[in-house]
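Visitor: Spelled out, the chains give:
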Amino acid sequence: MTRKEFMGLAAGAAAGALTHHAGEQTATTQGTPFHLGITLYSFNAEFYQYKYSFHDCMEKAGSLGPGTGLELVGPQMVDSWPEVSEEFEKTFKSLAEKYQLRPTAYSGYADWRRKAGRVLTPEENAEYLRLQVRGAKQLGFPILRIQVTPSIITGTGRSNIVAYAEKMGVRIGHEIHAPQSFRQDELRRLIDVAHKLNSPYFGFVPDCGIFASSCAKPYLDKFTQMGVPARIRNRIVELWREQASPEKVVAEVKAMGGDHMALLMVTESFTYFGHEDPKSLNEIMPQLIHIHGKFFGIDPATGEEPSVRYPEIVSVLKAGGFSGCMASEYEGHHWFPDGDALWQVKAHHAMVRKLLARA
Amino acid sequence: MFDEQMINGDLIYPDDSTFSRVRCNIRLPWYRGLPLSCVQSIEVTIDGIPANRNDLSLTLHGINHKLDELGNLDEVFWFVRHVAALHVRTPKPLAPGPHDMKVVMHINIPYHAAREYPQVAECRKRVTLVGPDW
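The listed protein sequences correspond, in order, to chains A and B. Using the numbering used here, the letters of the first sequence correspond one by one to residues 1 to 359. Using the numbering used here, the letters of the second sequence correspond one by one to residues 360 to 493.
Simulated from the structure, these hints should not be mistaken for laboratory data. Glycine residues also receive a C-beta, built at the ideal position from the N, C-alpha and C atoms. Be careful, since some hints might not be right.
[What the hints assert, rightly or not] In silico lysine to aspartate or glutamate, EDC-like type, Cα no more than 20 angstroms apart, as pairs: (1) A:Lys51 / B:Asp369; (2) A:Lys51 / B:Asp362; (3) A:Lys346 / A:Glu166.
[To be verified] Simulated coverage check for chain B against chain A, where a stretch passes if three residues somewhere in it have a Cβ under 8 angstroms from a Cβ of chain A: (4) 391-403; (5) 429-437; (6) 470-478.
[What the hints assert, rightly or not] Residues from chain A that face chain B, not an exhaustive set, calculated with beta carbons under 10 angstroms: (7) Tyr50; (8) Tyr109; (9) Asn125; (10) Arg158; (11) Asn160; (12) Lys167; (13) Met168.
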């Protein structure tokens, strides 16, 4: 692909992302209805351990193919956070061009408790988020991913981030991540607000970990390695299947003599593996801005992610006409940091393409 | 997170010729950078002897901060690949050579308005204090 062709593709995708009509599919890599990308968070272990520089991360992302969507976590990769320095901007833009990467989403944070001893006021929070909206724009990202509260969507004046984002041409995406659930009041309120607002500048970024089918093998293996007894591990998994409340699981595990490692295993069962049905995406299809293709470890024998309901996810997204980006988010590194993250993401892309062809 | 890498490298250094104040290099034990105001406390034990909080300080980007000052530093960002220096004043001079060091860091992850999110990281390492002949 020539540079001119690539820039045309990127511009087309940016325009196409603002429409949600099933018929108007944007030209994407290898003819998929939604296009594939990567969040550099997938290279968390390599980046932290100095195995990959930022340049290496961008190069590896580029090896996924021309036009690959690129997402990064601001406070992970941007050393001038929460500002975007001219140095970072120039480095990022030249690497994105060199490796034919398509900036898709900038991951930010509200960081409500960054001042010790108190919670930010809504005005301080809005100020911090405006900085991140400007950062996204500066780097050429069309989307800022954050965790929102209703006040920044429906508030008046300077506390309304969506109004500011619209002015800047940046779309705000609220990430739906485990343990959030479509059955909880908080998320239902946000969905109502999104429906009423009906704006392309506010929507959702579901993390596919909410659609788990089981607790992932690397998670189970890690806690086995860390010495949590089999009877406690098995009971935690059983209680996960029953969708028992956190209070109930903690009480039982403590009664069984579980130590701090067992209790960590309980916490992680809630923060990584959700129980949502992929059909829930239909409720918010017009407000789907971006997807985090969360996965924990592709099984080399089958090419599948055994613990996340990808066949259903891909089928619902395809039928619903989602034409944004699914950014692969490898998270097996949390338990085993020496895995091959690039291999994992390549395998994830292959899996999703196969599912799309079948769907 | 990344606890085993919190003490960076195997060497610790004397801050002055008395060998009663030493420093080690430390990493932030989290996947993303945080403001220094999120570092709630750091505890250091050398050869089984715990240091007093008042005998500890942190240097980041060339500026030294007492632990009690960190709470105000929400504008100072500790990027996750940057290494800070942790200074420890010891009751007696330390001999150059091997020592057992333990560092425990308590951080407050700032994400949620509704609740606190504390994390504790612990790292134990056999380190070598660099002496005048090195």
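Visitor: For every hint, state whether the structure bears it out.
Guide: Against the structure, the hints come out as follows:
Taking the CA atoms of Lys51 (chain A) and Asp369 (chain B), the gap is near 19 angstroms; set against the 20 angstroms cutoff, the hint holds. Pair hint Lys51 (chain A) plus Asp362 (chain B) holds up; C-alpha atoms about 17 angstroms apart against a cutoff of 20 angstroms. For the hint linking Lys346 (chain A) to Glu166 (chain A), the alpha-carbon distance of about 34 angstroms lies beyond 20 angstroms, and the restraint is violated. Look at the region 391-403 of chain B against chain A: 7 of its residues bring a Cβ nearer than 8 angstroms to a Cβ of that chain, three or more, so the hint holds.
With 5 residues bearing a CB less than 8 angstroms from a CB of chain A, the region 429-437 of chain B meets the requirement of three and the coverage assertion stands. Using a Cβ-Cβ cut-off of 8 angstroms, 5 residues of the region 470-478 of chain B lie near chain A, which meets the minimum of three, so the contact claim holds. A cut of 10 angstroms between beta carbons decides the hint on Tyr50 (chain A): the least distance to chain B is about 7 angstroms, and the hint holds. Because the smallest distance between the Cβ of Tyr109 (chain A) and any Cβ of chain B comes to about 6 angstroms, under 10 angstroms, the interface hint for this residue holds.
For Asn125 (chain A), the interface hint holds, the least distance from its beta-carbon to any beta-carbon of chain B being 8 angstroms, beneath 10 angstroms. Because the closest C-beta pair between Arg158 (chain A) and chain B is about 18 angstroms apart, greater than 10 angstroms, the hint is violated. For Asn160 (chain A), the interface hint is violated, since its Cβ never comes within 10 angstroms of a Cβ in chain B; the closest pair sits about 17 angstroms apart. Because the beta carbon of Lys167 (chain A) sits about 25 angstroms from the nearest beta carbon in chain B, more than 10 angstroms, this interface hint is broken.
Proximity of Met168 (chain A) to chain B is violated relative to the hint, the smallest CB-CB distance being about 23 angstroms (cut-off 10 angstroms).
The structure shown violates the earlier hints numbered 3, 10, 11, 12 and 13.
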